[in-house]
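J.: Given chain D, put chain G in place with the hints provided.
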Amino acid sequence: MARKISMRQAINEALDQEMARDPNVIVMGEDIVGGAGGEGEEDAWGGVLGVTKGLHAKHRGKLLDTPLSESAYIGAAIGAAACGMRPVAELMFLDFMGVCFDQIFNQAAKFKYMFGGKAETPVVIRAMVGAGFRAAAQHSQMLTPLFVHIPGLKVVCPSNAYDAKGLLIQSIRDNDPVIFCEHKNLYGLETDVPAESYAIPFGEANVVRDGKHATIVTYGMMVHRAMDAAATLAKQGIECEVIDLRTLSPIDWDTVIDSAERTGYVVCVDEANPRCSIAADISAMLSQECFKALKGPIQMVTPPHTPVPFSPVLEDLYIPSADAIVKAVKKSMGK
Amino acid sequence: MTDTRIVPIVMPKWGLSMKEGKVTGWLLEDGSKINPGDAILEVETGKIAGAVEAHEAGVLRRRVGQPDTIYPVKTLLGVIADPAVPDAEIDAFVAGYVTPAAEEDEEEQGPKFEFVETAAGKLRYAKRGSGDETVILIHGFGGDLDNWLFNIDALGEVATVYALDLPGHGQSTKSLAKPGLKSMTEALASFMDKLGLGKAHLAGHSMGGAIAMQMAADHPEKVKSLTLICSAGLGPDIGSYVDEYVAAQGRKDLKPALEQLFADKSLVSRQLVDDVLKYKRLDGVEPLLKELAASLFAGRKQQDQPGTKLGGKLPPSLVIWGKEDQIIPAAHAANLPGAKVHVLESAGHMVFMEKASDVNNLIKAHVAGA
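Chains as they are written, first to last, in this note's numbering: chain D, 1 to 335; chain G, 1001 to 1370.
In isolation and in its complexed conformation, chain D is listed as follows (with noise of 0.2 Å):
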């Protein structure tokens, strides 16, 4: 029965769901158990932002709060894996994700590839992801073209909690290792959830709005900006194709080119910084794919090439807008 949640809950339930179905589904993470503001088991707070609140009481013994130690847990989390759990770890921040690089990089990526397929890592790490959330340079940043980068990971970025339920059901029952990122400003959006269990394969893109004027490609909490900018730019009778890619890596070529085929113009809207971006790939790709087929220069649009700043009012102009995204159309177009 599908019912209005936010994506906080959906990934509850997910995990939820995953830990009642699979008994080797473990979570762990900092703060997960309890956290601020709770003073038994039962109230814990779940996590800095409460994702986790309410499962330790359901799954005794299957959430483990872990000391303030990214490298220690991470690297636990992938060796569980590779004796054959499932753990999802929490990492809190992506921006964290440095000190246990070598965990990530060179170990869960690796090993299916190095011990010929004779070991698997199927771990999630699930972080929070995204500015906006006036957290500073070191809590804000869209690290994804980091992790799309290293071949043997799998990275997922949902804008939706739908999309967030079924991604993290497929991410918990996929064996390679998969970095959820969750935009800390949609926990709160809420969609049509089913209540029952289901998972969205990988490597499929959702086209949120047909058009044939030109297409967004885009993902995370930027494709509502992007269907913000469509709508503006309907009215002035240019129709927008918006592509919520889902998963960076795999990633839907075939949707992306097929869209751009059809329109001629296209946009990459990320919220990461524009150098080696995801915006960047799809540029690439899509020059050398659909050269031809293309009307018009593709263009980027991105936060400039700087951390994330602190003061609010800079911090709003950083983050890419709809009106950005309205411009960028109509470069492309020559409007």
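The hints are all genuine.
Cross-link-like lysine-lysine pairs, in silico, DSS-like; alpha carbons within 27 Å at most:
id, chain 1, residue 1, chain 2, residue 2
1, G, K1122, D, K4
2, G, K1224, G, K1127
3, D, K235, G, K1074
4, D, K235, G, K1022
5, D, K295, G, K1252
6, D, K235, G, K1019
7, D, K292, G, K1252
8, G, K1255, D, K212
9, G, K1278, G, K1127
10, G, K1278, D, K212
These aren't lab readings, by the way, just hints derived from the structure by calculation.
T.: Chain G in isolation, oriented as in the chain D frame:
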């Protein structure tokens, strides 16, 4: 005597999720004479396109809704009234019309659907109307009760209508022991018992039609009449649809399968494909559909043909088919001796969506006469 009533034409609500619709064009000019059932204008939602039909006779006095414009459900789109009603009154009616708020409306009509525990598990259903006669709408393979969005309210005007999600479908239980015609029929029998429905008019589409006929064979005391729409169970032939529907993993392979359902392929919108994909991806659905397909349609042949076994036990029966049906050939319509048969032009397997008004009128007359 002059009829002084002014009848509003409003944006319809087709299905649970419809909040707004786009007027795509008017089919009649100002001043046209209108009879009940006439198609007045065309409306498109994210899911489906259809015609808004008149419930009352009169003259189309005012066209308020503009083509290519989106309006919320219940917004005034036009006005029907007798020619004797002065223009000034029409103006005042249009100016004074207040679109009812969506929330109030939902409370007024009660829950849109309910659940009932049956011997086969929890089944979802919708109920409309309060007439003495009971009509049960039974969807086809891979469908759900929302398939009846153009029919359930119209039929609710003359009968108490139930539409259910069969086991493995829609929002009903996703597990069923030995999926097949027998288990589906027993699930429906339990559904009828739990709701105390007694003897009812069964209207089934495709696989739902085969279930209705099996019910007439196994539990004749539950069946007052049969309406069989592009029904399974009347012959061996079946197209590739079921195989393709079950095998489809993504939008690209599902869309061509769904397009076989309609004579007008443009009715298969992205939203329709997405909704079916969302259903297919629920845990348990794919294995159940595979088992069901293997039981009903192994080797691309209909394995059960309850229609050919009813013989002298046939209750009053109506057979409706879309002439361009690509799933089950319209020729099967002739295989139920004693039934009234209507084969409708320019319609495919989903004839009850594509020709909703015609099908609704046929069912209403059948139920009234049976």
